[in-house]
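Chemist: Take these sequences, add in the hints, and give me the full structure.
Top line first, the protein sequences correspond to chains A and B.
Once you know that position 150 of the first sequence is 151 in this note's numbering, the rest is easy, because the numbers rise by one and skip nothing.
Once you know that position 66 of the second sequence is 81 in this note's numbering, the rest is easy, because the numbers rise by one and skip nothing.
Read the hints as simulated data drawn from the structure, not as lab findings.
Keep in mind that the hints are not guaranteed to be accurate.
[What the hints assert, rightly or not] Capping the alpha-carbon separation at 25 Å, the derived lysine to aspartate or glutamate pairs in DMTMM-like fashion look like this:
no.: 1; chain 1: A; residue 1: 26; chain 2: B; residue 2: 98
no.: 2; chain 1: A; residue 1: 180; chain 2: B; residue 2: 62
no.: 3; chain 1: A; residue 1: 180; chain 2: B; residue 2: 18
no.: 4; chain 1: A; residue 1: 180; chain 2: B; residue 2: 93
no.: 5; chain 1: A; residue 1: 146; chain 2: B; residue 2: 38
no.: 6; chain 1: A; residue 1: 180; chain 2: B; residue 2: 38
no.: 7; chain 1: A; residue 1: 146; chain 2: B; residue 2: 56
no.: 8; chain 1: A; residue 1: 180; chain 2: B; residue 2: 34
no.: 9; chain 1: A; residue 1: 26; chain 2: B; residue 2: 93
no.: 10; chain 1: A; residue 1: 26; chain 2: B; residue 2: 96
[Unchecked claim] With the Cβ distance kept under 8 Å, some of the chain B side facing chain A (calculated, not the full set):
no.: 11; residue: 61
no.: 12; residue: 65
no.: 13; residue: 67
no.: 14; residue: 80
no.: 15; residue: 90
no.: 16; residue: 91
no.: 17; residue: 99
no.: 18; residue: 158
[Claimed, not checked] Where chain B lies over chain A, by a calculated footprint (3+ residues, C-beta under 8 Å):
no.: 19; region: 23-34
no.: 20; region: 51-64
no.: 21; region: 177-184
A quick note: this is a predicted structure, and the numbers were derived from the prediction, not measured.
Where a beta carbon is used, it is the ideal one built from N, C-alpha and C, also for glycine.
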Amino acid sequence: MASPTLLFSTLMGSEAKSIARGLQKRDPDMLDRLIEQYQYRLFRYLAYVTGNKERAEDFFQETWIRVLERGHQYDGKSRFEAWLFAIARHLVIDWQRSKKVQSLDTLTDPELDYPLQLVNESEPSPLHQVLSQETEENVQASLQKIPAIYREVLVLRFQEELQIEEMAGVLSVPLSTVKSRLYRGLEALRGALQGGAAS
Amino acid sequence: MNENIHNRALQLIARARVEGVPETDLTWLRAHLEECDFCTEQARQTDGALRMLRTSAISLPQGLAGRTQFRVRLRAQELREREPGRRALWVACAASWAFGLVSAPYVWGLFQWFGQRTGVPKMVWEVGFGLWWTIPALFAAAVLLMENSRKGEQSDWIDQGN
Numbered sequence: 002m003a004s005p006t007l008l009f010s011t012l013m014g015s016e017a018k019s020i021a022r023g024l025q026k027r028d029p030d031m032l033d034r035l036i037e038q039y040q041y042r043l044f045r046y047l048a049y050v051t052g053n054k055e056r057a058e059d060f061f062q063e064t065w066i067r068v069l070e071r072g073h074q075y076d077g078k079s080r081f082e083a084w085l086f087a088i089a090r091h092l093v094i095d096w097q098r099s100k101k102v103q104s105l106d107t108l109t110d111p112e113l114d115y116p117l118q119l120v121n122e123s124e125p126s127p128l129h130q131v132l133s134q135e136t137e138e139n140v141q142a143s144l145q146k147i148p149a150i151y152r153e154v155l156v157l158r159f160q161e162e163l164q165i166e167e168m169a170g171v172l173s174v175p176l177s178t179v180k181s182r183l184y185r186g187l188e189a190l191r192g193a194l195q196g197g198a199a200s
Numbered sequence: 016m017n018e019n020i021h022n023r024a025l026q027l028i029a030r031a032r033v034e035g036v037p038e039t040d041l042t043w044l045r046a047h048l049e050e051c052d053f054c055t056e057q058a059r060q061t062d063g064a065l066r067m068l069r070t071s072a073i074s075l076p077q078g079l080a081g082r083t084q085f086r087v088r089l090r091a092q093e094l095r096e097r098e099p100g101r102r103a104l105w106v107a108c109a110a111s112w113a114f115g116l117v118s119a120p121y122v123w124g125l126f127q128w129f130g131q132r133t134g135v136p137k138m139v140w141e142v143g144f145g146l147w148w149t150i151p152a153l154f155a156a157a158v159l160l161m162e163n164s165r166k167g168e169q170s171d172w173i174d175q176g177n
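Modeler: Okay, here's the thing in structure tokens:
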């Protein structure tokens with residue numbers, strides 16, 4: 002009998018292949034489904050990387066336009082989300098270059114016009130959101146204190162649950178760099194949350 | 016307790032969460048944590064930080080998926096409309112190159128004859144022949160460049176207001 006892990010990876014593989022086929026054909030229904038399926042994860046990644054919800058929405062839309070235009074480049078051999086995050090990241094980097102920004106950190110520099118404002122206060126907030134808002138704000142404020150390159154790896158590893166090898170592909174850096182960023186990021190997160198709790 | 020032992024424990028606590036550790040190291044770590052309050056507290060704080068990160072949520076802008084789907088469908092339509100034109104361009108280029116290849120020896124002869132008749136320097140009619148041969152490629156490149164620059168203008172929206 003096939004082990005659950007093997008069965009899972011086979012299912013994931015066939016899902017990736019079917020996405021690749023749909024992207025080759027620019028299947029509009031499949032793109033609609035993918036946008037809905039990945040909206041939360043992609044938006045959260047972009048929001049944490051850019052530190053600004055409005056800018057994250059711009060990048061979100063542009064990412065899906067790129068997926069449509071370059072869908073034929075996805076071969077279905079890797080997980081779709083890894084390819085999707087790589088596209089989104091390249092867009093952010095290209096934008097930074099066009100703005101002559103030196104590093105991801107500048108995007109969330111509190112001195113700039115767009116400070117990190119991830120909680121949209123104008124939206125209706127159900128009771129459970131109100132109850133968890135304090136925790137959310139604490140985490141988001143703590144993340145804001147962490148340099149963007151570490152914040153990004155923490156989000157990819159512990160929220161998006163990408164493998165280290167997949168992260169190396171998304172970030173276009175060696176495995177050792179991913180690992181060292183993760184260790185430093187973890188340390189920084191712990192420190193930031195402790196600091197947040199103390200203040 | 017030796018400082019090195021604490022350092023090893025702290026490294027293993029982080030490694031276990033980032034990339035995993037071998038069973039022997041894990042056994043050693045468990046044994047150490049049972050007798051070391053400081054490292055236990057560090058492990059607890061690390062787990063707490065990761066739990067908070069994993070469970071933290073952000074709210075999506077209303078209608079985000081709908082707006083994006085609309086834009087993507089518009090772009091898809093645009094690409095579909097442009098496809099026949101682009102295909103015709105490639106077909107024309109391919110036909111032109113094929114014709115150029117087949118007729119090259121005759122055209123060379125024609126240029127040579129014309130050069131001799133008019134007394135034009137050899138260099139000039141040779142350059143003329145070269146241009147005649149590369150014009151389809153230059154034309155195709157110019158069209159593609161124009162298309163790319165138009166695409167670049169279209170994605171400038173992302174910079175607006177930032």
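Chemist: Now tell me, hint by hint, if it's right for this structure.
Modeler: These are the hints, each one checked on the structure:
1. A/26 / B/98: 13 Å, holds
2. A/180 / B/62: With Cα atoms ~18 Å apart, residue 180 of chain A and residue 62 of chain B stay inside 25 Å; holds.
3. A/180 / B/18: 24 Å, holds
4. A/180 / B/93: Violated - the C-alpha atoms of residue 93 of chain B and residue 180 of chain A are around 43 Å apart, more than 25 Å.
5. A/146 / B/38: 35 Å, violated
6. A/180 / B/38: Cα-Cα ~20 Å, so holds.
7. A/146 / B/56: At roughly 22 Å apart (the allowed maximum being 25 Å), residue 56 of chain B and residue 146 of chain A satisfy the hint.
8. A/180 / B/34: 8 Å, holds
9. A/26 / B/93: This hinted pair holds, its Cα atoms lying about 15 Å apart.
10. A/26 / B/96: This hinted pair holds, its Cα atoms lying about 15 Å apart.
11. 61: It holds, given that the least Cβ distance between residue 61 of chain B and chain A is near 6 Å, below 8 Å.
12. 65: 6 Å, holds
13. 67: 5 Å, holds
14. 80: 5 Å, holds
15. 90: 5 Å, holds
16. 91: OK, holds: residue 91 of chain B within 8 Å of chain A, min 6 Å.
17. 99: The hint is violated - residue 99 of chain B has no Cβ within 8 Å of chain A, the shortest such distance being about 15 Å.
18. 158: Constraint on residue 158 of chain B not satisfied, violated at 18 Å.
19. 23-34: holds (count 4)
20. 51-64: That given contact holds, which follows from 8 residues of the region 51-64 of chain A lying within Cβ reach (below 8 Å) of chain B.
21. 177-184: holds (count 3)
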